[in-house]
Amino acid sequence: MTGEPGAAPAEDEAHPVTGLDDVVHQRVRLGILTIAHEARRVEFGYLRTQLQLTAGNLSQHLGVLETAGLVAVEKGYAGKRGRTWITLTDAGSAALAAEIGRLKLLIARVETAPGDTG
Amino acid sequence: MTTDSVPAGDPRRLLSDTTALARRVRVDQRVTWFALLVLAVVTLVAIPFDWWGLEIRCSGTGDAAACRYWRRGAMFYWPPALLLAYAAIAYGYARAARERGLGTRIRAYALTGATLTAVFTASWLAARLYLYDNPPAEPFPTWVLKLDLLVSPAGTIGVALLVLARLERNLALLAFTLAYLAVVVVPIDFGWGRGWGLETTFLPQQVVNATVLLLGAAAFALARRRQP
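Chains as they are written, first to last, in full-length UniProt numbering: chain A, 1 to 118; chain B, 1 to 228.
If you are wondering where the hints come from, they were derived from the structure by calculation, not from laboratory data.
Note that the structure is a prediction, hence the values are computed from the model and not measured.
Treat the hints with care, since some could be wrong.
[Claimed, not checked] Just a few of them, taken from the derived set where beta-carbon distance is under 10 Å, the chain A residues facing chain B: (1) Leu30; (2) Leu47; (3) Lys80; (4) Thr89; (5) Ser93.
[Unchecked claim] In silico lysine to aspartate or glutamate, EDC-like type, Cα no more than 20 Å apart, as pairs: (6) Lys75(A) - Glu99(B); (7) Lys104(A) - Asp10(B); (8) Lys80(A) - Asp21(A); (9) Lys104(A) - Asp21(A); (10) Lys80(A) - Asp10(B); (11) Lys104(A) - Glu99(B).
[Stated by the list, open to error] Here are the simulated distance ranges between beta carbons: (12) Gly45(A) - Glu55(B): 18 to 24 Å; (13) Ala94(A) - Glu55(B): 57 to 63 Å; (14) Pro187(B) - Gly76(A): 24 to 30 Å; (15) Thr89(A) - Leu131(B): 33 to 39 Å.
Cβ atoms here follow ideal geometry from the backbone N, Cα and C, with glycine treated the same way.
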């Protein structure tokens, strides 16, 4: 710490937990963002299989991410079958990168904390 | 996976889950065997083109004979063949990924392959055009010959495969490609074709290159089938 004693820590020195975004810091939603980032474009069925969710449950999480502007959902057809494709928005990409960065920072903090083994 | 919020103090698990998911997607996007199969077929089909398009002019006789090779077949065959191959690979990857419910990053590979084909083939052909009319007085140093092999169509295939290995973060493909490039740049000589005539000068190496690619395609297809 470099500030005055008792002063609030500067933003860049704040604990990484304080910067976590509740929308992204959730196992399933982080999984959705990760898959969409890696795949560029992912089908609803693939997400459901990989994340082992029910359709309703996945739809709920997608709704949260779509409302936050992190993913775009596009409905279409492959032959006669309806398909739903999910793509990551720029905001989603940035949110994912920020979350991964914070997780790494958090792990680094935990590993370097002196004598804090419980 | 659960739908609960992640318990605090579990970032390591969250990060490892994320890494595992990303790896799973990358594996599901791959159709490495298809890319190698297309490139093997293109290499095999080149053989008759090279054979019938080869023009040889020799001066002198016996051990003092000096021959000049003019590979017209290769000149006309390789540029369009490689461009078509990269288009086919891009289509195959996109289709396979779509069937699995995924997008793909193959466009970067196809564009790199096409660009390398244009640049490398142009330099390879320009060197041949120049040397055909201006034969060197002294033999080339070894590094020039190796560089020539690297920018040859077979070498171009290898360099483009390195790009694919990087895009797919595919260590197995990287190892395979390095082995393939070693075979291309340090040609294997089993002594075949010594008595077959000058027209078959390039045949053994072409067969070896195609065989390596075919074996690679078979190995990656087998590995793919064994994946859960």
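Item to check | Distance restraint between Lys80(A) and Asp10(B), which requires alpha-carbon spacing of 20 Å or less | outcome: 43 Å, violated
Checklist entry - Between Gly45(A) and Glu55(B), is the Cβ distance one that fits in 18 to 24 Å? => result With a Cβ separation near 57 Å, Gly45(A) and Glu55(B) fall outside 18 to 24 Å, so the hint is violated.
Checklist entry - Between Ala94(A) and Glu55(B), is the Cβ distance one that fits in 57 to 63 Å? => result 59 Å, holds
Next on the checklist: Thr89(A) was flagged as interface toward chain B. Is the shortest Cβ-Cβ separation under 10 Å?
Outcome noted: With a minimum Cβ separation of about 14 Å from chain B (threshold 10 Å), the hint on Thr89(A) is violated.
Item to check | Satisfaction of hint between Glu99(B) and Lys104(A), Cα-Cα up to 20 Å | outcome: The hint is violated at about 34 Å.
Checklist entry - Does the Cβ pair Pro187(B), Gly76(A) satisfy 24 to 30 Å? => result Since Pro187(B) and Gly76(A) have Cβ atoms about 50 Å apart, the given range 24 to 30 Å is violated.
Checklist entry - Under the criterion that the straight-line Cα-Cα distance not exceed 20 Å, is the pair Lys104(A), Asp21(A) satisfied? => result Holds, because 15 Å separates the two Cα atoms, which is no more than 20 Å.
Item to check | Hint validity - Leu30(A) Cβ closer than 10 Å to any chain B Cβ | outcome: 6 Å, holds
Next on the checklist: Under 10 Å is the threshold here; is the Cβ of Leu47(A) close enough to any Cβ of chain B for the hint to stand?
Outcome noted: This hint holds: Leu47(A) lies near chain B, its Cβ roughly 8 Å from the closest one there, short of 10 Å.
Item to check | Ser93(A) as chain B interface residue, shortest Cβ-Cβ below 10 Å | outcome: Because about 13 Å separates Ser93(A) from the closest Cβ in chain B, which is outside the 10 Å limit, the hint is violated.
Item to check | Pairwise hint evaluation, Asp21(A) against Lys80(A), where the allowed Cα distance is 20 Å at most | outcome: 39 Å, violated
Next on the checklist: I want to verify a distance hint. Is the separation of the beta carbons of Thr89(A) and Leu131(B) within 33 to 39 Å?
Outcome noted: With a Cβ separation near 54 Å, Thr89(A) and Leu131(B) fall outside 33 to 39 Å, so the hint is violated.
Checked against the numbered hints above, the structure violates hints 3, 4, 5, 8, 10, 11, 12, 14 and 15; every other hint is satisfied.
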